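Chains as they are written, first to last, in numbering that gives the first Met the number 0: chain Y, 0 to 318; chain S, 0 to 318; chain W, 0 to 318.
Bear in mind the hints are in silico, worked out from the structure with no lab data behind them. Predicted model, so just to flag it, every value in this text is computed and none were measured. Heads up, the beta-carbon is just placed ideally off N, CA and C, and yes, glycines get one too. Any given hint might turn out to be false.
[To be verified] Under the rule of at most 30 Å between Cα atoms (straight-line distance), these lysine-lysine pairs were calculated in the DSBU-like manner:
| no. | chain 1 | residue 1 | chain 2 | residue 2 |
| --- | --- | --- | --- | --- |
| 1 | S | K186 | Y | K270 |
| 2 | W | K270 | W | K285 |
| 3 | Y | K307 | S | K270 |
| 4 | W | K307 | Y | K317 |
| 5 | W | K28 | W | K42 |
| 6 | S | K270 | S | K41 |
| 7 | S | K317 | Y | K317 |
| 8 | W | K317 | Y | K270 |
| 9 | Y | K311 | W | K317 |
| 10 | S | K48 | S | K285 |
| 11 | W | K186 | S | K270 |
| 12 | S | K270 | S | K48 |
| 13 | W | K318 | Y | K285 |
| 14 | Y | K317 | W | K318 |
| 15 | Y | K311 | S | K307 |
| 16 | S | K318 | Y | K317 |
| 17 | W | K42 | W | K285 |
| 18 | S | K318 | W | K311 |
| 19 | Y | K41 | Y | K28 |
| 20 | W | K307 | Y | K285 |
| 21 | W | K285 | W | K48 |
| 22 | Y | K70 | Y | K48 |
| 23 | W | K285 | Y | K311 |
| 24 | Y | K311 | W | K318 |
| 25 | W | K270 | S | K307 |
| 26 | Y | K311 | W | K307 |
| 27 | Y | K311 | S | K318 |
| 28 | S | K317 | Y | K307 |
| 29 | Y | K307 | W | K317 |
| 30 | W | K48 | W | K186 |
| 31 | S | K91 | S | K28 |
| 32 | W | K87 | W | K70 |
| 33 | S | K311 | W | K270 |
| 34 | W | K28 | W | K70 |
| 35 | W | K28 | S | K311 |
| 36 | Y | K285 | S | K317 |
| 37 | Y | K41 | Y | K87 |
[Claimed, not checked] Chain W regions said to be covered by chain S (calculated; three or more residues, Cβ under 8 Å):
| no. | stretch |
| --- | --- |
| 38 | 53-66 |
| 39 | 161-171 |
| 40 | 244-252 |
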Amino acid sequence: MIALDVLAQNIGIEYDGVSIPITAMNTLKEAQYSELSFIVDKKHLETLKETQAGAVIVTEAFVDAVPSGCKILLVASNPYLYMAKASKYFAKLPLESDGSVAEIGQNSVVGDNVFIANGARIGNHCIIMPGCYIGTDVTIGDTTILHPNVVVYRDCSIGRACIIHANTTIGCDGFGFAHTSTGEHVKIYQNGNVVIEDDVEIGSNCTIDRAVFGSTCIKHGAKLDNLIQVGHNCVIGEYSLLAAQVGLSGSTELGRNVVMGGQSATAGHLKIAPFTTLAARTGVTKSIEQSGQTFAGFPFMDHRQWLKLQGKLGRLLKK
Amino acid sequence: MIALDVLAQNIGIEYDGVSIPITAMNTLKEAQYSELSFIVDKKHLETLKETQAGAVIVTEAFVDAVPSGCKILLVASNPYLYMAKASKYFAKLPLESDGSVAEIGQNSVVGDNVFIANGARIGNHCIIMPGCYIGTDVTIGDTTILHPNVVVYRDCSIGRACIIHANTTIGCDGFGFAHTSTGEHVKIYQNGNVVIEDDVEIGSNCTIDRAVFGSTCIKHGAKLDNLIQVGHNCVIGEYSLLAAQVGLSGSTELGRNVVMGGQSATAGHLKIAPFTTLAARTGVTKSIEQSGQTFAGFPFMDHRQWLKLQGKLGRLLKK
Amino acid sequence: MIALDVLAQNIGIEYDGVSIPITAMNTLKEAQYSELSFIVDKKHLETLKETQAGAVIVTEAFVDAVPSGCKILLVASNPYLYMAKASKYFAKLPLESDGSVAEIGQNSVVGDNVFIANGARIGNHCIIMPGCYIGTDVTIGDTTILHPNVVVYRDCSIGRACIIHANTTIGCDGFGFAHTSTGEHVKIYQNGNVVIEDDVEIGSNCTIDRAVFGSTCIKHGAKLDNLIQVGHNCVIGEYSLLAAQVGLSGSTELGRNVVMGGQSATAGHLKIAPFTTLAARTGVTKSIEQSGQTFAGFPFMDHRQWLKLQGKLGRLLKK
Chain Y
0 MIALDVLAQN IGIEYDGVSI PITAMNTLKE AQYSELSFIV DKKHLETLKE
50 TQAGAVIVTE AFVDAVPSGC KILLVASNPY LYMAKASKYF AKLPLESDGS
100 VAEIGQNSVV GDNVFIANGA RIGNHCIIMP GCYIGTDVTI GDTTILHPNV
150 VVYRDCSIGR ACIIHANTTI GCDGFGFAHT STGEHVKIYQ NGNVVIEDDV
200 EIGSNCTIDR AVFGSTCIKH GAKLDNLIQV GHNCVIGEYS LLAAQVGLSG
250 STELGRNVVM GGQSATAGHL KIAPFTTLAA RTGVTKSIEQ SGQTFAGFPF
300 MDHRQWLKLQ GKLGRLLKK
Chain S
0 MIALDVLAQN IGIEYDGVSI PITAMNTLKE AQYSELSFIV DKKHLETLKE
50 TQAGAVIVTE AFVDAVPSGC KILLVASNPY LYMAKASKYF AKLPLESDGS
100 VAEIGQNSVV GDNVFIANGA RIGNHCIIMP GCYIGTDVTI GDTTILHPNV
150 VVYRDCSIGR ACIIHANTTI GCDGFGFAHT STGEHVKIYQ NGNVVIEDDV
200 EIGSNCTIDR AVFGSTCIKH GAKLDNLIQV GHNCVIGEYS LLAAQVGLSG
250 STELGRNVVM GGQSATAGHL KIAPFTTLAA RTGVTKSIEQ SGQTFAGFPF
300 MDHRQWLKLQ GKLGRLLKK
Chain W
0 MIALDVLAQN IGIEYDGVSI PITAMNTLKE AQYSELSFIV DKKHLETLKE
50 TQAGAVIVTE AFVDAVPSGC KILLVASNPY LYMAKASKYF AKLPLESDGS
100 VAEIGQNSVV GDNVFIANGA RIGNHCIIMP GCYIGTDVTI GDTTILHPNV
150 VVYRDCSIGR ACIIHANTTI GCDGFGFAHT STGEHVKIYQ NGNVVIEDDV
200 EIGSNCTIDR AVFGSTCIKH GAKLDNLIQV GHNCVIGEYS LLAAQVGLSG
250 STELGRNVVM GGQSATAGHL KIAPFTTLAA RTGVTKSIEQ SGQTFAGFPF
300 MDHRQWLKLQ GKLGRLLKK
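Given the sequences, and given the hints that come with them, work out the whole structure.
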């Protein structure tokens with residue numbers, strides 16, 4: 000928690016209004032009265048008008064749309080950069096030294112050289128293999144298995160009957176930076192978490208980024224192969240199947256039973272309809288609205304079209 | 000070991016024949032009399048007729064081809080799904096609590112925070128760096144080096160004079176699931192192992208999947224770079240060279256001296272002839288029978304054809 | 000250190016000249032009088048004429064260009080192979096058992112199950128999370144954070160205010176081999192290191208190879224996402240941004256503020272001009288000299304050309 004006027008001063012914004020205690024940052028839509036938000040793009044103008052945030056970082060252009068009661072941190076330009084600077088003041092320690100002793104359920108086995116932080120809760124009949132790291136306040140459901148050297152950053156949760164393979168990282172920071180006018184990058188602290196539902200299997204050496212705000216989510220029954228990247232704030236739908244070396248950019252949402260072939264990938268901020276199939280190496284560049292289709296190629300297209308294109312290219316080659 | 004009638008009941012198959020003890024599952028071709036197998040596709044019909052398996056899961060269509068003496072678990076449809084359900088009953092524990100104490104050879108150095116399970120045998124003059132995990136019954140040959148935080152799952156074997164770099168995972172589960180009619184995935188337990196022959200080097204953060212039955216194999220003198228995925232039941236031929244971020248889908252076999260450029264990949268169940276060269280990013284979609292050729296592109300083609308295609312596309316662009 | 004005549008005998012070169020002590024191997028350009036070098040390609044002939052190396056491995060063709068005072072190890076063919084054989088004699092142990100006790104600065108926190116080798120120096124206010132491995136003579140600057148299970152091989156250095164995420168490997172061997180006439184591979188020992196400057200962030204499960212000679216370098220303020228491969232002897236310029244699953248082949252140099260999209264990659268030995276932007280999946284096959292441009296595709300081309308090509312392909316498909 001930090002006082003609004005102190006925060007403003009720390010990040011270089013002049014502010015002489017009433018100060019309130021700020022507990023966190025959040026999106027305009029999700030923010031509560033004790034939270035700070037920001038607006039970058041006018042497409043969020045309507046959301047700004049209804050925000051419950053206690054304070055917002057805005058440029059002059061948006062001042063009139065700020066609801067009464069919401070404090071205003073006014074900047075000349077680049078609210079995104081100031082948001083990044085502010086995010087640092089809400090970053091938690093990687094590991095808390097105090098807090099309650101971790102709880103470990105009945106019949107759970109914890110291997111040698113495992114580190115379990117304070118506040119963690121591990122269910123019954125779990126197997127935590129040697130070399131794992133379980134961060135502060137992590138929860139793990141019954142019968143889940145973590146293979147050796149899995150790392151789960153603080154505040155993440157893993158459901159029941161999950162299997163996480165060796166050397167996988169859950170809850171590392173998403174890749175988020177604001178940029179200065181001289182080309183430097185200011186870290187946006189990733190203060191959200193990862194939520195993995197029940198019956199999920201994740202392969203080895205995967206990386207599942209924590210959310211910047213809120214949660215990155217892998218839903219019930221989804222199965223991920225090895226060396227997969229899941230960006231911050233992604234949602235992977237129920238029973239989705241992701242083959243090895245798949246990459247999801249941030250904030251992309253897969254519906255249920257999406258199948259992604261090896262090395263396929265998506266851009267960020269997309270929605271992929273349920274029961275979509277993406278062939279190996281597909282690169283999805285925009286949202287897919289109709290469910291049940293199959294795609295291929297980069298840029299991606301209907302799979303039959305892609306096959307036809309290969310035929311056309313074959314003929315071009317023979318000319 | 001489980002009695003056939005108990006197993007049938009557990010996975011929901013009616014069976015009132017003679018019960019026999021079943022020790023494992025295996026392919027039709029490899030199964031012994033104490034093992035259970037299954038048939039999904041009529042292309043394996045001839046193999047079914049000669050199987051040595053003690054029991055098979057079949058649909059009505061294949062019953063007549065089952066050899067006498069082989070017990071029949073009859074299902075209405077989807078033997079693959081029942082095979083998956085059965086595989087669970089042959090899965091070993093990730094880590095055995097009993098068994099003989101691990102043997103460590105003369106002049107071998109074992110670092111701090113290393114876990115070596117019972118039944119493991121480490122040769123002479125090995126270096127096992129800190130943080131490594133060596134599972135139950137793993138064998139490691141003389142003079143081999145495991146860099147920090149390498150994980151070797153149970154039952155795998157690594158030959159002499161190998162170098163395995165940090166954070167690599169050997170023997171994690173292959174990505175195998177059967178699917179229910181409502182889109183759920185049933186894990187096929189991966190009860191095989193990984194066999195790495197002598198003089199193999201594997202880079203950092205690679206994932207080498209264990210076989211579903213039998214062994215995933217990396218042969219003598221092969222060299223793998225970093226962040227490589229090797230699917231279950233693959234065979235990598237002698238002296239093959241795989242550059243970083245290569246991906247091999249399951250059951251693909253490379254001949255000797257195959258060279259794969261960075262980010263290249265293969266589909267599953269292919270055979271790649273010896274001395275094949277695959278340019279960076281090549282995506283191999285069918286078997287390569289003639290040795291000594293060079294390929295590029297996705298879908299892949301002869302490398303000279305690919306260069307010619309780029310020329311054609313360049314001219315298309317100028318039209 | 001090894002005597003030149005002993006080294007020659009070990010690697011199978013006849014040598015009856017004066018012996019000198021050899022301390023290391025190096026490039027023709029960088030080698031000092033106590034170092035051994037080699038020449039493979041006549042494009043380095045002028046460099047050979049001015050080398051300060053104490054000895055060189057050459058074929059008959061280059062003998063006349065060797066400066067007086069530089070000893071000659073003459074081979075019939077393939078100096079590269081003999082260089083590889085020689086490199087083994089300069090390889091350091093992965094971990095030294097002697098040397099001074101590691102120094103850990105004020106207010107630094109070292110987690111459980113961390114291994115810090117002799118000769119390492121960790122600055123003030125650092126956080127080294129559980130399960131990390133810090134090799135012999137590694138240096139880490141003030142306020143740097145290593146998340147759990149990070150591995151830093153010997154002799155590498157990490158600057159101030161860096162963040163390295165979990166399961167990342169820094170300083171593993173580059174992928175370098177010489178090849179015999181019968182297709183076997185002889186390891187070129189990677190005797191260089193990795194130097195990471197200040198304010199660098201590296202994601203999870205990345206692999207940063209050490210240099211064969213000299214240093215792989217990640218410069219001030221660069222930010223790397225997850226699952227990235229950086230080959231030996233690469234230089235990543237100040238404030239560069241690399242998205243997830245990027246791959247850099249060996250000896251490629253990025254200027255400052257280069258942006259690489261997800262899964263993009265470069266061939267080796269290239270120079271990429273400052274302020275270059277590479278779209279996702281771009282495959283860079285030759286050097287980029289003019290700064291500030293945007294590219295896409297594989298083979299790569301100007302981004303607008305790539306968009307135009309997609310339009311042309313779309314029309315081809317409709318014909």
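Tell me the hint numbers this structure goes against, listed in increasing order. Numbers 35, 38 - these are the hints that the structure violates, sorted from lowest upward.
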